[in-house]
Amino acid sequence: MESVKLFDLAKTPLREVNRYLHRDAAGEGVARVKILNADGAHSIAAGVHVPLEIEIDGHAGYYAGGMNMLANITVHGNAGPGVGENMMSGTIRVEGFASTAAGASAHGGLLVITGDAALRCGISLKGGDIVVGGDVGSFSAFMAQAGRIVICGDAGDALGDSLYEAVIYVRGKVRSLGADARFEPMTDADYAAVGELLGKAGLTHDPKTFQRVASAKSLYHWNSDANQEY
Amino acid sequence: MPDFENPERLQREESSGYDRRVIDYIQRASATGLYEIRGLGAKRPLPSFDDLVFLGASLSRYPLEGYREKCSTKTVLGTRFATKPIELATPITIAGMSFGALSARVKEALGRAATAVGTSTTTGDGGMTSEERESSKILVYQCLPSRYGFKPDDVRRADAIEIVIGQGAKPGGGGMLLGQKVNPRVAAMRTLPAGVDQRSASRHPDWTGPDDLVIKINELREITDWEKPIYVKVGATRVKHDVKLAIHAGADVIVVDGMQGGTAATQTVFIEHVGIPTLAAVRQAVEAIDELDMRGKVQLIVSGGIRTGADVAKALALGADAVAIGQAVLMALGCNSDSYLAGGQHVSAVEDYARLGTAPGFCHHCHTGRCPVGVTTQDPVLEQRLEPATGAKRLTNYLKTLNMELTTLARACGKQDVHHLEREDLVALTVEAAAMANLPLAGTNWVPGGDGERGKT
Chain G
1 MESVKLFDLA
11 KTPLREVNRY
21 LHRDAAGEGV
31 ARVKILNADG
41 AHSIAAGVHV
51 PLEIEIDGHA
61 GYYAGGMNML
71 ANITVHGNAG
81 PGVGENMMSG
91 TIRVEGFAST
101 AAGASAHGGL
111 LVITGDAALR
121 CGISLKGGDI
131 VVGGDVGSFS
141 AFMAQAGRIV
151 ICGDAGDALG
161 DSLYEAVIYV
171 RGKVRSLGAD
181 ARFEPMTDAD
191 YAAVGELLGK
201 AGLTHDPKTF
211 QRVASAKSLY
221 HWNSDANQEY
Chain Z
231 MPDFENPERL
241 QREESSGYDR
251 RVIDYIQRAS
261 ATGLYEIRGL
271 GAKRPLPSFD
281 DLVFLGASLS
291 RYPLEGYREK
301 CSTKTVLGTR
311 FATKPIELAT
321 PITIAGMSFG
331 ALSARVKEAL
341 GRAATAVGTS
351 TTTGDGGMTS
361 EERESSKILV
371 YQCLPSRYGF
381 KPDDVRRADA
391 IEIVIGQGAK
401 PGGGGMLLGQ
411 KVNPRVAAMR
421 TLPAGVDQRS
431 ASRHPDWTGP
441 DDLVIKINEL
451 REITDWEKPI
461 YVKVGATRVK
471 HDVKLAIHAG
481 ADVIVVDGMQ
491 GGTAATQTVF
501 IEHVGIPTLA
511 AVRQAVEAID
521 ELDMRGKVQL
531 IVSGGIRTGA
541 DVAKALALGA
551 DAVAIGQAVL
561 MALGCNSDSY
571 LAGGQHVSAV
581 EDYARLGTAP
591 GFCHHCHTGR
601 CPVGVTTQDP
611 VLEQRLEPAT
621 GAKRLTNYLK
631 TLNMELTTLA
641 RACGKQDVHH
651 LEREDLVALT
661 VEAAAMANLP
671 LAGTNWVPGG
681 DGERGKT
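Protein chains in written order, with the working numbering: chain G, 1 to 230; chain Z, 231 to 687.
Hints may be right or wrong, so weigh each one.
Subject to a maximum C-alpha distance of 20 Å in a straight line, what follows is the list of computed SDA-like cross-link-like pairs (lysine to any residue) [to be verified]:
{"no.": "1", "chain 1": "Z", "residue 1": "K314", "chain 2": "G", "residue 2": "R19"}
{"no.": "2", "chain 1": "Z", "residue 1": "K381", "chain 2": "G", "residue 2": "K217"}
{"no.": "3", "chain 1": "G", "residue 1": "K217", "chain 2": "Z", "residue 2": "S430"}
{"no.": "4", "chain 1": "G", "residue 1": "K217", "chain 2": "Z", "residue 2": "Q410"}
{"no.": "5", "chain 1": "G", "residue 1": "K217", "chain 2": "Z", "residue 2": "L408"}
{"no.": "6", "chain 1": "Z", "residue 1": "K381", "chain 2": "G", "residue 2": "G127"}
{"no.": "7", "chain 1": "Z", "residue 1": "K381", "chain 2": "G", "residue 2": "R23"}
{"no.": "8", "chain 1": "G", "residue 1": "K217", "chain 2": "Z", "residue 2": "K470"}
{"no.": "9", "chain 1": "G", "residue 1": "K217", "chain 2": "Z", "residue 2": "G425"}
{"no.": "10", "chain 1": "Z", "residue 1": "K474", "chain 2": "Z", "residue 2": "D520"}
{"no.": "11", "chain 1": "Z", "residue 1": "K381", "chain 2": "G", "residue 2": "H22"}
{"no.": "12", "chain 1": "Z", "residue 1": "K381", "chain 2": "G", "residue 2": "R19"}
{"no.": "13", "chain 1": "G", "residue 1": "K217", "chain 2": "Z", "residue 2": "G409"}
{"no.": "14", "chain 1": "Z", "residue 1": "K314", "chain 2": "G", "residue 2": "H22"}
{"no.": "15", "chain 1": "G", "residue 1": "K217", "chain 2": "G", "residue 2": "A179"}
{"no.": "16", "chain 1": "G", "residue 1": "K217", "chain 2": "Z", "residue 2": "R429"}
{"no.": "17", "chain 1": "Z", "residue 1": "K381", "chain 2": "G", "residue 2": "A146"}
{"no.": "18", "chain 1": "Z", "residue 1": "K381", "chain 2": "G", "residue 2": "K11"}
{"no.": "19", "chain 1": "Z", "residue 1": "K470", "chain 2": "Z", "residue 2": "D441"}
{"no.": "20", "chain 1": "Z", "residue 1": "K381", "chain 2": "G", "residue 2": "A179"}
{"no.": "21", "chain 1": "G", "residue 1": "K217", "chain 2": "Z", "residue 2": "A431"}
{"no.": "22", "chain 1": "G", "residue 1": "K217", "chain 2": "Z", "residue 2": "P414"}
{"no.": "23", "chain 1": "Z", "residue 1": "K381", "chain 2": "G", "residue 2": "A193"}
{"no.": "24", "chain 1": "Z", "residue 1": "K381", "chain 2": "G", "residue 2": "N72"}
{"no.": "25", "chain 1": "Z", "residue 1": "K314", "chain 2": "G", "residue 2": "R15"}
{"no.": "26", "chain 1": "Z", "residue 1": "K314", "chain 2": "G", "residue 2": "R23"}
{"no.": "27", "chain 1": "G", "residue 1": "K217", "chain 2": "Z", "residue 2": "G286"}
{"no.": "28", "chain 1": "Z", "residue 1": "K381", "chain 2": "G", "residue 2": "H49"}
{"no.": "29", "chain 1": "G", "residue 1": "K11", "chain 2": "Z", "residue 2": "D455"}
{"no.": "30", "chain 1": "G", "residue 1": "K217", "chain 2": "Z", "residue 2": "N413"}
{"no.": "31", "chain 1": "G", "residue 1": "K217", "chain 2": "Z", "residue 2": "P423"}
{"no.": "32", "chain 1": "G", "residue 1": "K217", "chain 2": "Z", "residue 2": "K474"}
{"no.": "33", "chain 1": "Z", "residue 1": "K314", "chain 2": "G", "residue 2": "E16"}
Please keep in mind that the hints were generated in silico from the structure rather than gathered at the bench.
None of the values given here were measured: they were computed from a predicted structure.
Let the hints inform the model, and build the full structure from the sequences given.
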């Protein structure tokens with residue numbers, strides 16, 4: 001029988017829990033960990049680098065699953081700023097809303113937010129995938145370098161400002177695009193990508209209802225005639 | 231007697247407001263429509279450690295035997311929260327400089343030299359290379375706004391983490407690496423298209439102010455199981471506020487980088503007009519630490535224009551625990567030298583400087599990636615001009631020299647430990663330096679701009 005290790009943050013200090021996840025879980029052959037009474041604690045399950053199924057009950061504070069590698073983490077609640085920041089691999093699923101900078105600088109893995117995500121979702125993204133079931137706030141995908149962001153709802157202002165090679169798929173309205181971001185036609189590869197990511201996130205929207213936003217690449221090189229309109 | 235009637239006589243009165251330098255600037259701007267970008271640090275004259283002198287021991291103080299008695303240079307950083315503080319044999323460390331700005335060979339040379347003298351070296355914007363990790367016994371890993379190449383495995387294999395808020399050459403600005411230096415390896419490490427003019431973010435992506443920084447530092451502590459010291463580096467501007475906020479946020483070590491600090495590529499207007507001199511910054515940083523009663527708990531590293539053992543000794547006497555050196559380290563490797571070594575022979579690099587429109591002694595063209603001596607380049611031919619073993623030897627010599635100068639001065643002031651140097655050992659030679667450092671003008675009891683109490687800070 002698969003054992004589930006239980007922690008209650010009302011009783012056990014976070015430092016001990018994280019240390020267990022980093023150092024002991026793999027050695028003990030534990031594959032599933034459940035963390036109760038998250039109660040807004042910061043940095044829950046940050047820095048995990050082994051394959052574990054981690055469930056967090058309650059709302060998580062800042063940086064839940066920060067720098068995650070290999071673990072699959074589910075937050076049964078909302079997540080504070082920087083959920084999944086700089087994650088490398090694995091999956092983080094927020095069954096609720098996410099605050100600012102969700103998935104900031106993520107290099108890999110998949111971040112799913114079933115509700116809305118606030119400002120700067122996917123900022124400086126470096127290769128991870130993000131699927132947001134609801135809306136995203138302004139300046140989402142700011143300077144995103146690589147990876148994909150699927151937005152099932154609306155986007156705020158300055159979507160994709162100063163994008164590099166990351167691609168955004170958005171289903172709802174976009175209040176405004178950021179500097180150097182532009183709408184581009186969807187190709188079959190784009191429809192397939194959206195379908196694949198929606199499937200992984202457990203969402204059933206029709207990929208045909210999404211638009212593609214990517215970089216016009218006009219900021220890639222200095223240009224004295226560009227008049228610095230950004 | 232000049233012949234004022236001579237029609238051949240040249241009028242040569244140069245305007246101080248519109249001298250040749252300014253005319254050149256205006257005409258360059260009108261020709262290009264872009265600001266100048268360059269490397270290294272502020273070139274203008276500034277009050278500096280050169281404006282201070284030590285009061286050696288005499289009748290009222292007892293000196294140490296200069297060549298016989300021991301003088302400790304051991305330095306420990308990160309004693310506040312980290313369970314594994316950094317122990318160095320010298321207070322002279324190597325400042326953060328990126329792979330990208332520097333070649334992998336140079337990073338390797340820095341690591342080898344740092345290891346040889348028992349000090350630390352530091353990564354930069356763009357991640358950790360295997361060359362520098364393997365060659366550096368003690369490696370500080372920077373966490374920058376761009377997070378280029380920032381990886382949890384590297385966090386775990388670092389010896390300390392340095393959160394970079396700003397840098398002395400450009401407080402408030404992000405990194406910059408022009409396309410000619412973004413070769414395929416640099417591009418891959420930074421997840422950028424090769425050849426792009428990379429302009430990094432100036433703000434961190436996942437926190438915005440001091441209250442968030444508390445939480446960010448805690449996250450890094452959680453990730454590293456509270457083992458590794460967390461440094462916070464600020465460019466010197468509102469130093470007193472920034473140092474207090476960084477201490478409040480939980481930093482183990484504060485790095486304050488004055489405006490003389492270098493850069494690989496930044497707008498000249500930024501380098502010369504933003505930030506305060508290192509001399510003024512040290513004094514404010516130490517005041518902030520003292521006002522929070524954190525002396526001995528939080529350590530201070532000072533950087534920006536540290537060149538000599540005297541600079542190190544003065545920084546320590548003013549209250550720093552260590553210094554970090556960037557530009558001078560590059561110069562030790564050959565930056566601005568007229569030649570480079572190939573097969574043990576000096577080969578002139580003068581023509582290559584000329585191709586950049588400059589000459590040895592004046593070059594600040596790090597941003598071009600065409601470094602004539604193979605230091606600040608990613609070019610496969612030019613980078614061969616710096617041989618890691620030779621570079622490491624030169625840098626080891628330089629760091630040893632500084633350490634010897636430092637202990638010479640400390641012994642002269644009667645100290646068995648360089649960390650015992652104190653403000654009371656110093657006076658200032660200029661009114662400006664006296665006011666900035668809050669020290670008396672030499673030969674007087676006058677502390678301009680302060681409250682008149684010597685040694686208050």
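Verification of the hints:
With a C-alpha separation of about 16 Å, the suggested pairing of K314 of chain Z with R19 of chain G holds against the 20 Å cut-off. For the suggested pair K381 of chain Z and K217 of chain G, the alpha carbons sit about 26 Å apart, so the restraint of at most 20 Å is broken. A distance of roughly 16 Å separates the Cα atoms of K217 of chain G and S430 of chain Z; the hinted pair therefore holds under the 20 Å criterion. As the CA atoms of K217 of chain G and Q410 of chain Z are separated by approximately 17 Å, the hinted pair is consistent with the 20 Å bound.
Straight-line distance between C-alpha atoms of K217 of chain G and L408 of chain Z comes to about 15 Å, which keeps the hinted pair within the 20 Å bound. Under the criterion of a C-alpha separation no larger than 20 Å, the hint pairing K381 of chain Z with G127 of chain G is consistent with the structure, at around 13 Å. Straight-line distance between C-alpha atoms of K381 of chain Z and R23 of chain G comes to about 18 Å, which keeps the hinted pair within the 20 Å bound. Straight-line distance between C-alpha atoms of K217 of chain G and K470 of chain Z comes to about 41 Å, which puts the hinted pair past the 20 Å bound.
At roughly 12 Å between alpha-carbon atoms, K217 of chain G and G425 of chain Z fall within 20 Å of each other, so this suggested pair holds. Taking the CA atoms of K474 of chain Z and D520 of chain Z, the gap is near 10 Å; set against the 20 Å cutoff, the hint holds. With a CA separation close to 16 Å, the supplied pair K381 of chain Z and H22 of chain G stays within the 20 Å bound. With a C-alpha separation of about 19 Å, the suggested pair K381 of chain Z and R19 of chain G falls inside the 20 Å cut-off, and the hint holds.
Distance restraint check for K217 of chain G and G409 of chain Z: the Cα-Cα separation of roughly 14 Å lies within the 20 Å cut-off, and the hinted pair is therefore satisfied. Of the pairs offered as hints, the one joining K314 of chain Z and H22 of chain G holds, with about 18 Å between alpha carbons and a cut-off of 20 Å not exceeded. A hinted pair counts as satisfied when its Cα atoms are at most 20 Å apart, and K217 of chain G with A179 of chain G qualifies at roughly 10 Å. Only pairs whose Cα atoms come within 20 Å are accepted, and K217 of chain G paired with R429 of chain Z is accepted, the gap being roughly 13 Å.
Pair hint K381 of chain Z plus A146 of chain G holds up; C-alpha atoms about 15 Å apart against a cutoff of 20 Å. With a CA separation close to 31 Å, the supplied pair K381 of chain Z and K11 of chain G exceeds the 20 Å bound. Of the pairs offered as hints, the one joining K470 of chain Z and D441 of chain Z holds, with about 17 Å between alpha carbons and a cut-off of 20 Å not exceeded. Proximity of K381 of chain Z to A179 of chain G is assessed by CA-CA distance (about 28 Å); at most 20 Å being required, the pair is judged violated.
For a cut-off of 20 Å, the pair hint linking K217 of chain G to A431 of chain Z stands: about 17 Å separates their Cα positions. Straight-line distance between C-alpha atoms of K217 of chain G and P414 of chain Z comes to about 18 Å, which keeps the hinted pair within the 20 Å bound. Distance restraint check for K381 of chain Z and A193 of chain G: the Cα-Cα separation of roughly 26 Å exceeds the 20 Å cut-off, and the hinted pair is therefore not satisfied. Restraint check: the Cα-Cα separation between K381 of chain Z and N72 of chain G comes to about 18 Å, which is no more than 20 Å; the hinted pair holds.
Note on K314 of chain Z and R15 of chain G: the hinted pairing holds, with a Cα-Cα distance of about 16 Å set against a maximum of 20 Å. At roughly 17 Å between alpha-carbon atoms, K314 of chain Z and R23 of chain G fall within 20 Å of each other, so this suggested pair holds. Restraint check for K217 of chain G and G286 of chain Z: not satisfied, since their Cα atoms lie roughly 61 Å apart, outside the 20 Å limit. Between K381 of chain Z and H49 of chain G, the direct Cα distance comes to roughly 11 Å. Compliance with the 20 Å bound is thereby established for this hinted pair.
Between the alpha carbons of K11 of chain G and D455 of chain Z the distance comes to roughly 19 Å, so the proposed pair stays at or under 20 Å and holds. For the hint linking K217 of chain G to N413 of chain Z, the alpha-carbon distance of about 18 Å falls within 20 Å, and the restraint holds. Our distance criterion of 20 Å between C-alpha atoms is met by K217 of chain G and P423 of chain Z, whose separation comes to about 11 Å. Note on K217 of chain G and K474 of chain Z: the hinted pairing is violated, with a Cα-Cα distance of about 41 Å set against a maximum of 20 Å.
For the suggested pair K314 of chain Z and E16 of chain G, the alpha carbons sit about 18 Å apart, so the restraint of at most 20 Å is met.
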